[in-house]
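Visitor: Spelled out from the first residue to the last, the chains are:
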Amino acid sequence: MAITDVGVYAHLTADDIESLRIELDGIRDDVERARGVRDARYVRRTIVGQRVLEVAARAAIVGARTRPGLYLGVLGLGVAKSIENMELGHNVSHGQWDWMNEPEIHSTTWEWDMACVSAQWKHYHNYLHHKYTNVLGMDDDIGFGIMRVSRDQPWRPIYLIQPVQNFLLALGFEWGIGLHDIKLGKLRGTEEERAHTRSQLRAFGRKIRRQVVKDYVLLPALSGSRWRSTLAANASANVLRNLWAYLVIFCGHFPDGAEKFHPDDIADETRGEWYLRQMLGTANFDAGPALAFMSGNLCYQIEHHLYPDLPSNRYAEIAERVRAVCDKYDLPYTTGPLAKQYLLTLRTIVKLSLPDRYLRDTADDAPETGSERRFTAPTVSTISPLTGRRRGLRTALRDLRSARRRTGRAAAGGGTAPAAAGGAVDPAYARTA
Amino acid sequence: MTDSGTRGRAVGFDLGHRVAQVRQWLEEPAKDVATTGSPRRNMLRGAVARVTTPLLPDDYLHLVNPLWSARELRGQIVEVRPETADSATLVIKPGWGFRFDYRPGQYIGIGLLVDGRWHWRSYSLTSSPVVGARLITITVKAMPEGFLSSHIVGGVEPGTVVRLAAPQGNFALPEPLPDRMLFLTAGSGVTPIMSMLRTMDRRGRVPDIVHIHSAPTEDSAMFRGELAALADEHEGLRLHLQLTRSMGQFDLARLDELCPDWRERQVWACGPAGMLAAAEERWRAAGLEDHLHLERFAVDRTGQDGDGGTVTFARSGRSLEIDGATTLLEAGEKSGVQMPFGCRMGICQTCVVPLEAGAVRDLRNGKVHEEGSRIQTCISTAAGDCTLDL
Ligand code: FES
Numbered sequence: 017m018a019i020t021d022v023g024v025y026a027h028l029t030a031d032d033i034e035s036l037r038i039e040l041d042g043i044r045d046d047v048e049r050a051r052g053v054r055d056a057r058y059v060r061r062t063i064v065g066q067r068v069l070e071v072a073a074r075a076a077i078v079g080a081r082t083r084p085g086l087y088l089g090v091l092g093l094g095v096a097k098s099i100e101n102m103e104l105g106h107n108v109s110h111g112q113w114d115w116m117n118e119p120e121i122h123s124t125t126w127e128w129d130m131a132c133v134s135a136q137w138k139h140y141h142n143y144l145h146h147k148y149t150n151v152l153g154m155d156d157d158i159g160f161g162i163m164r165v166s167r168d169q170p171w172r173p174i175y176l177i178q179p180v181q182n183f184l185l186a187l188g189f190e191w192g193i194g195l196h197d198i199k200l201g202k203l204r205g206t207e208e209e210r211a212h213t214r215s216q217l218r219a220f221g222r223k224i225r226r227q228v229v230k231d232y233v234l235l236p237a238l239s240g241s242r243w244r245s246t247l248a249a250n251a252s253a254n255v256l257r258n259l260w261a262y263l264v265i266f267c268g269h270f271p272d273g274a275e276k277f278h279p280d281d282i283a284d285e286t287r288g289e290w291y292l293r294q295m296l297g298t299a300n301f302d303a304g305p306a307l308a309f310m311s312g313n314l315c316y317q318i319e320h321h322l323y324p325d326l327p328s329n330r331y332a333e334i335a336e337r338v339r340a341v342c343d344k345y346d347l348p349y350t351t352g353p354l355a356k357q358y359l360l361t362l363r364t365i366v367k368l369s370l371p372d373r374y375l376r377d378t379a380d381d382a383p384e385t386g387s388e389r390r391f392t393a394p395t396v397s398t399i400s401p402l403t404g405r406r407r408g409l410r411t412a413l414r415d416l417r418s419a420r421r422r423t424g425r426a427a428a429g430g431g432t433a434p435a436a437a438g439g440a441v442d443p444a445y446a447r448t449a
Numbered sequence: 234m235t236d237s238g239t240r241g242r243a244v245g246f247d248l249g250h251r252v253a254q255v256r257q258w259l260e261e262p263a264k265d266v267a268t269t270g271s272p273r274r275n276m277l278r279g280a281v282a283r284v285t286t287p288l289l290p291d292d293y294l295h296l297v298n299p300l301w302s303a304r305e306l307r308g309q310i311v312e313v314r315p316e317t318a319d320s321a322t323l324v325i326k327p328g329w330g331f332r333f334d335y336r337p338g339q340y341i342g343i344g345l346l347v348d349g350r351w352h353w354r355s356y357s358l359t360s361s362p363v364v365g366a367r368l369i370t371i372t373v374k375a376m377p378e379g380f381l382s383s384h385i386v387g388g389v390e391p392g393t394v395v396r397l398a399a400p401q402g403n404f405a406l407p408e409p410l411p412d413r414m415l416f417l418t419a420g421s422g423v424t425p426i427m428s429m430l431r432t433m434d435r436r437g438r439v440p441d442i443v444h445i446h447s448a449p450t451e452d453s454a455m456f457r458g459e460l461a462a463l464a465d466e467h468e469g470l471r472l473h474l475q476l477t478r479s480m481g482q483f484d485l486a487r488l489d490e491l492c493p494d495w496r497e498r499q500v501w502a503c504g505p506a507g508m509l510a511a512a513e514e515r516w517r518a519a520g521l522e523d524h525l526h527l528e529r530f531a532v533d534r535t536g537q538d539g540d541g542g543t544v545t546f547a548r549s550g551r552s553l554e555i556d557g558a559t560t561l562l563e564a565g566e567k568s569g570v571q572m573p574f575g576c577r578m579g580i581c582q583t584c585v586v587p588l589e590a591g592a593v594r595d596l597r598n599g600k601v602h603e604e605g606s607r608i609q610t611c612i613s614t615a616a617g618d619c620t621l622d623l
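Chains as they are written, first to last, in this note's numbering: chain A, 17 to 449; chain B, 234 to 623.
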């Protein structure tokens, strides 16, 4: 079972969590105070750059006389759409630039260049996904409703084709996102639910019609005899953007170490526990400035989840401070190279397509999902009298890994993992109480 | 004959219907443009927007020239003219969509970018709406704690782009003009009157007007020279300048002496709250409230301690008094207003609504947001009285 008490899992007492909160709130205060001309210039330049690139790329697609020219146009358009999607659309809709008080760069008015309706996206993403991050059954982003990314989700035969589904989702990511907030089942619900869902569908229909007409009808038509290559180029650019957005999002949420939470955990959640859940539930990938920009700074997914509405250009400096906080409380800070993070994600997706009987680990002690039951030793952190350093969750996880390596996976697979014996094994934290 | 006639009409109708449909289709993407220009231009805008969706062509054009957008009213400052030591006139060239048929005495909203953030205030127009004039002016007096007014008076560069809100307000010159009028102004309260006087002067028709204006000293009286010149030129216009530092505050009891027929005049009064309250009192006592037209300047509350206040929900017509710990979202829900909300913890932006008037305080960090901003109701409380567009 996923984490049912984030404090216990993190090896922190209520007082620790409160001081953690104060530190994290402090970072927010500092950044809010520092926001100013420099940040405003950043977002304005991004907008100008993105629009110029898009126009240039479209011109290249229509006008290129050579193959490489056309490919450059496709790449340019894909890049422009990615920037528009993540660094602009995603971040503006989070209200990261609302402080500027500029009506044209504001979460209430921004509409992005992809199939999903901004307003609907804001509902499930900003509200459900960001408030209930990785809470099973509450955060629809866990597996996007079609995939099994945690052992807590019961296996169904349809999951056998999950690797294929995953690939299709990546190709048509914008459509998956677009359908995400619309609960088709509600079409059979109460009068109110039906009306709501129908109006959502209408808005979605309007949006996709405009998007499709633009990229697949009007622009090809305007390119005259070259309509075929424009059509193909626009389709390719959209797919490129979809793949990239998919990659960034998946690497922020599904690599090993991004924990899942049981709904019980969030009843009476304090602000500090909320922070803790965001930190433990998400993952970063290593990026330099260029890659960070291209990912909409979502390579800093941990920071983004802690402070979804702080300007994205500040995440890099926030990251340094968050890392320091993690060091201090001996908490894990999940990150790694992009390729590694994705391979871990892919491994989980492929693995979990199989029925439980082929899986060795349990939902308490698997790479993609753990719980406080994975610890057999008491789950309170101790401060070493020698070094003054805290020995907490990160050290405990490291010990766990090396113990596993020593005893070998065979033994763990033999049914001795803590929760494998069902309710018979008392969780360690119960004993420490 | 009859047959083909009917058919002709039917075809004609069909065609008309078609044309209307096409037209609607063309205009549709641009239907949310805040400032409607000519319908033909909007049709063009909508048609182009089919290939720029979800943006408007304006979103590309304004990168070339900031005034080329009708998404929102904008203007460019072309001149900054000092009036007195602590006041200045901004001459502004509005961009697309601005309508110059405002009424003298009305005010506009103006947004200026300071430290990366837009700040909004309202100021009376001092220009007069003349056909062909493509410029407007406002005159701003620096207020001691008025952050934006000091910024404007202290040095805004010509060329600066500003945001504008369309002229509005009922404190305006009536049509047709009354035969006898009384203007009662103090300090920067003279600004809307200036627009009225200039307009009447341009039109060459100045009725019988008594203008009583108060200012601390001669030098600090805005438009002193122009007011005097106007009074010289027009027989009907009599100006009484009350220099309060040497002569003391103007006492309404002296009205009978300065303007014996004040009871027969339509009155326009603009100035500090105290003065307006006294005027109201006086005219009410005389049973002549309907002669009195008042313009109140919003108080610049920013920077004061937020201790709750009355929250008014403009569209639902409800209001409620709250303390400084209650959020605006709770206030709305308590008074039965349909409030948008999501996370209730300040992260999702579902609850964001425009703050029409007053100021609110962010409960998380104590920051004050002023009118003209959009604010998150779930983490804000009233900092004094405020009005939400809900
Ligand atoms: S309800 Fe989510 S920000 Fe206010």
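Since the hints were made in silico from the structure, they are not lab data. Here the structure is a predicted model, which is why all the values come from computation and not from measurement. There may be inaccurate statements among the hints.
Unchecked claim - As a list, the in silico EDC-like pairs of lysine to aspartate or glutamate whose alpha-carbon atoms are at most 16 Å apart:
(1) 264/B <-> 127/A
(2) 600/B <-> 48/A
(3) 199/A <-> 155/A
(4) 600/B <-> 114/A
(5) 600/B <-> 207/A
Visitor: Run every hint past the structure and note whether it holds.
Guide: Evaluation of the provided hints:
1. 264/B <-> 127/A: 15 Å, holds
2. 600/B <-> 48/A: This hinted pair holds, its Cα atoms lying about 10 Å apart.
3. 199/A <-> 155/A: Holds. Residue 199/A to residue 155/A sits at ~14 Å (cutoff 16 Å).
4. 600/B <-> 114/A: Given that 16 Å is the threshold and the Cα spacing comes to 14 Å, the pair holds.
5. 600/B <-> 207/A: Outside the cut-off at roughly 42 Å; violated.
When the structure is compared with the earlier hints, a violation turns up for hint 5 alone.
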